[in-house]
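Enquirer: Read off the chains here:
Protein chains: 2
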Amino acid sequence: MDQEPLDTHTGIGIVGAGLVGCLAALAFAKKGYVVSLFDMRADPRTLDRSQKNLRSINLAVSDRGIRALKSVDEEMASRVLEHIIPMKGRMIHDRDGGCESQVYGLFGECINSIDRAYLNECLLQEVRQADVRVFFDHKLKSVRNLDSLPMLTFSTLGGEEKTFEFDYAIGADGAFSQFRYQMQRSMRMSFSQQFIDMQYLELYIPPKPQATCEADKVEIRDHIHSSGTPGDHDELSGQFQMDPGHLHIWPRHDYMLIALPNKDGSFTSTFFSPWKVIESFKTDDEFVAFFWANFPDATKLMGEEHLRSAYHENPRGSLMQVDCFPYNNHRAIIIGDAAHAMVPFYGQGMNCGFEDVRVLMETIQQCSGDIQDAFAKFSESRRDDLVAICQLAMDNYTEMSSKVVSPLYLMRKKFDYFLGKYGHYVGVSWLPLYTMVSFRHDIPYSQAISTERRQQRILRGVQTACFAGFFGYGVLRALEYWNRR
Amino acid sequence: MDQEPLDTHTGIGIVGAGLVGCLAALAFAKKGYVVSLFDMRADPRTLDRSQKNLRSINLAVSDRGIRALKSVDEEMASRVLEHIIPMKGRMIHDRDGGCESQVYGLFGECINSIDRAYLNECLLQEVRQADVRVFFDHKLKSVRNLDSLPMLTFSTLGGEEKTFEFDYAIGADGAFSQFRYQMQRSMRMSFSQQFIDMQYLELYIPPKPQATCEADKVEIRDHIHSSGTPGDHDELSGQFQMDPGHLHIWPRHDYMLIALPNKDGSFTSTFFSPWKVIESFKTDDEFVAFFWANFPDATKLMGEEHLRSAYHENPRGSLMQVDCFPYNNHRAIIIGDAAHAMVPFYGQGMNCGFEDVRVLMETIQQCSGDIQDAFAKFSESRRDDLVAICQLAMDNYTEMSSKVVSPLYLMRKKFDYFLGKYGHYVGVSWLPLYTMVSFRHDIPYSQAISTERRQQRILRGVQTACFAGFFGYGVLRALEYWNRR
Chain U
0 MDQEPLDTHT
10 GIGIVGAGLV
20 GCLAALAFAK
30 KGYVVSLFDM
40 RADPRTLDRS
50 QKNLRSINLA
60 VSDRGIRALK
70 SVDEEMASRV
80 LEHIIPMKGR
90 MIHDRDGGCE
100 SQVYGLFGEC
110 INSIDRAYLN
120 ECLLQEVRQA
130 DVRVFFDHKL
140 KSVRNLDSLP
150 MLTFSTLGGE
160 EKTFEFDYAI
170 GADGAFSQFR
180 YQMQRSMRMS
190 FSQQFIDMQY
200 LELYIPPKPQ
210 ATCEADKVEI
220 RDHIHSSGTP
230 GDHDELSGQF
240 QMDPGHLHIW
250 PRHDYMLIAL
260 PNKDGSFTST
270 FFSPWKVIES
280 FKTDDEFVAF
290 FWANFPDATK
300 LMGEEHLRSA
310 YHENPRGSLM
320 QVDCFPYNNH
330 RAIIIGDAAH
340 AMVPFYGQGM
350 NCGFEDVRVL
360 METIQQCSGD
370 IQDAFAKFSE
380 SRRDDLVAIC
390 QLAMDNYTEM
400 SSKVVSPLYL
410 MRKKFDYFLG
420 KYGHYVGVSW
430 LPLYTMVSFR
440 HDIPYSQAIS
450 TERRQQRILR
460 GVQTACFAGF
470 FGYGVLRALE
480 YWNRR
Chain D
0 MDQEPLDTHT
10 GIGIVGAGLV
20 GCLAALAFAK
30 KGYVVSLFDM
40 RADPRTLDRS
50 QKNLRSINLA
60 VSDRGIRALK
70 SVDEEMASRV
80 LEHIIPMKGR
90 MIHDRDGGCE
100 SQVYGLFGEC
110 INSIDRAYLN
120 ECLLQEVRQA
130 DVRVFFDHKL
140 KSVRNLDSLP
150 MLTFSTLGGE
160 EKTFEFDYAI
170 GADGAFSQFR
180 YQMQRSMRMS
190 FSQQFIDMQY
200 LELYIPPKPQ
210 ATCEADKVEI
220 RDHIHSSGTP
230 GDHDELSGQF
240 QMDPGHLHIW
250 PRHDYMLIAL
260 PNKDGSFTST
270 FFSPWKVIES
280 FKTDDEFVAF
290 FWANFPDATK
300 LMGEEHLRSA
310 YHENPRGSLM
320 QVDCFPYNNH
330 RAIIIGDAAH
340 AMVPFYGQGM
350 NCGFEDVRVL
360 METIQQCSGD
370 IQDAFAKFSE
380 SRRDDLVAIC
390 QLAMDNYTEM
400 SSKVVSPLYL
410 MRKKFDYFLG
420 KYGHYVGVSW
430 LPLYTMVSFR
440 HDIPYSQAIS
450 TERRQQRILR
460 GVQTACFAGF
470 FGYGVLRALE
480 YWNRR
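Going down the list, the sequences are from chains U and D.
Number 34 in numbering that gives the first Met the number 0 belongs to position 35 of the first sequence; there are no gaps in the numbering.
Number 356 in numbering that gives the first Met the number 0 belongs to position 357 of the second sequence; there are no gaps in the numbering.
Heads up, a few of these hints could be off.
Identical chains blur together in the list; that is why a pair holds if it fits in one copy or across any two.
[To be verified] With a straight-line Cα cutoff of 30 angstroms, these simulated DSSO-like cross-link-like pairs (lysine-lysine) come out:
#1 K275 x K376
#2 K69 x K413
#3 K140 x K161
#4 K281 x K376
#5 K402 x K412
#6 K140 x K402
#7 K138 x K161
#8 K402 x K161
#9 K138 x K207
#10 K30 x K161
The hints are simulated quantities; they were obtained by calculation from the structure and are not laboratory data.
Note that this is a predicted model, so its numbers are computed, not measured.
With the hints as constraints, model all of the structure from the sequences given.
Expert: Next up, the structure:
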């Protein structure tokens, strides 16, 4: 039947040289496997900047991602994470230009901003040095033979088809995974993709044209150093127009603007709104007027010209959630967005994908190197955590866009902070949900949710007790009053 | 960019020459549109029987399907439906070989058994005569340009790629629709496919080897005639081993067997079970023993030899539900299983697909021939009905496999039958759900569900009233008793 040329490789074939695919390639290579990594895109080294797919919402690396990188190779992790910018909290911007900082961690823990394309290039660099065979311009056409030796067929630039044979195959080719689609043809995989009614439009806040005073520069540099990030931050090539130590949010309920710092002093900003909002603007004038009315401080920093060109030229992205199960079929598995694309509102998409790699490698070790067995175990054991984080990501839009300015939310946050920080002195173990998800790589996502549910029940108990106390006190005072009459 | 040969057709391009695709082609051709119909399979006329894809669970045509066929062309409908075998009810087989008939309709209405491959061939024959251009061996590769003139690219047998341009494009290429997959690339379509833990294995009950007595033959022939089916039924080429006027069911809760009659005196039978059941049989002996224990009468009719060969050779099918929304994008739309594959337990898959065609054509007429507008309106207005029937199909497994032998269910069925048949004499409008779905093409699926919900509320009210009455009566009698003491 198969008359295509067959290039027989043993070892591991990985499809998708994005963040998760690269880390998986590194992980297997470090363990001594022969690894081949394929991507449909061109080698980024052969492209100039304008040709690159600069997909963003800047990424926020947090503990799970860092632990996963380190689990593969400590030194590689240091090199890759050299240029992250720590953010210790959210900076909430109101309509009048007022700001309020809300710290993320109990003890100054930070999440870390990094440019997606830059991080990808760092990882590709590591992959090349790890002696992984990398094939760019290879577009996956079919995945077959998963129950014996997986055969991957690609079409190459010249229109030629090439077929490779591997011991095991891994799909890490993103939310619209062709690998997953091909796997589905030979197995019973339940699958759903759900678009949410929300677009994102990427915007840009440039660095300060020049340093206004030397003090500013030093202050910003100090912030970055004091956050304890490894690496060299002295080469700040620009100056930030806002505090780079925060993830900036302009929460406006139905829509919101966010901004994350870049190394060059700029911010990558993203405008999220329902499609009907952005589509209601008939001209760039209306768009700019909307920005002046809702995000005056940001509009000033971005400049009207930029907003006008972004309105006309920047692509509007859609947001999708992918869920499927199982993730494996015999000698193949999907990981990262291919298995569980989530909306970006918890900043965990990449962190979770990296964690997939760590958990998978640990599972292989537990299975004494029986990779097929490990694929099956990973699929079963990872399921609940992946469902949990996808749900958290979906729910967190409400938190970011609305709750962060609600008095009740702020009260709960203070309560969390207080109990989380000082509770252990009085024997109370309390962990804010955000801390568990972003700063505690040792707590699985599903356990974070169940712990949070328990804490919520306790809180409701406390509220009821407080209410009962006040009510009882009131009744007593009333009785006293009547007695005295 | 596009350097492929472009074969410019105007008119309607339809992908998938299955049941729904053929009917859609006929419907548009009758209205005077230029229609091209594509299928990846070979022309069935060029294949011998062993090469044909004889996918089955025999189909049951009911009112919606018949109405849709007639809405396209009354005479065509008569020709196509010539060889259906009416089934007036379910025949429930218990483990001891006992049988009980449960009629479907209030007034003897029937659903009608027909072989899928045969029906498809009839429709293809009609398509050819309707002067539709039919392209077999055309495998869809891409769907583009939906917002101006849809371009469909196919690969043909020789490996050549051909691109066609149409005014409008319709995907009717089944549950694993490539057309849908291609559409998804250029739009935000939410989508889910859900496998249920259930396999099906096709079995076969042969005709009687020869007529045992002439009386039997006449009785069977009479049954078919008295059901008022058009066409020639005198050429019964065989004899049935069971009553052909019923859909036979062996309900055993976790698993079940069904059988539908064929024109040649045989029955196509299907064994449904969770995967773990069929996979638990290590040998054909165990499989046959299971059949003797659970379906002794059917086993006798099938013969051990057939069961053994079916166990080893017949493919085991999986059952999947597909849901997506919206169904349209600019000048393209998906219909039938491509848009809403359902599990087979309500016998409505094909009927619903045919109804798609009727509703779509009516919507085009309402939109004064603006097809793009009609696609959008169809998608919106058809949504609730499609969700409703998919849910009913899923729920009906429990009814077929378990409830049909439950006393409560049978009581409810009698109540339904009585009120449905005689209620109108006392001003009560009552319609059993099965009647609304299968015999009332004028009631949309979603309305059938809402009517049934209302009826269930009334039933619960009646139950409560009965209970209160009995209780009150008991209390009165108790009081009387105490008074007398």
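Enquirer: Which hint numbers does the structure go against, in order from smallest to largest?
Expert: Violated: hints 2, 6, 8, 9.
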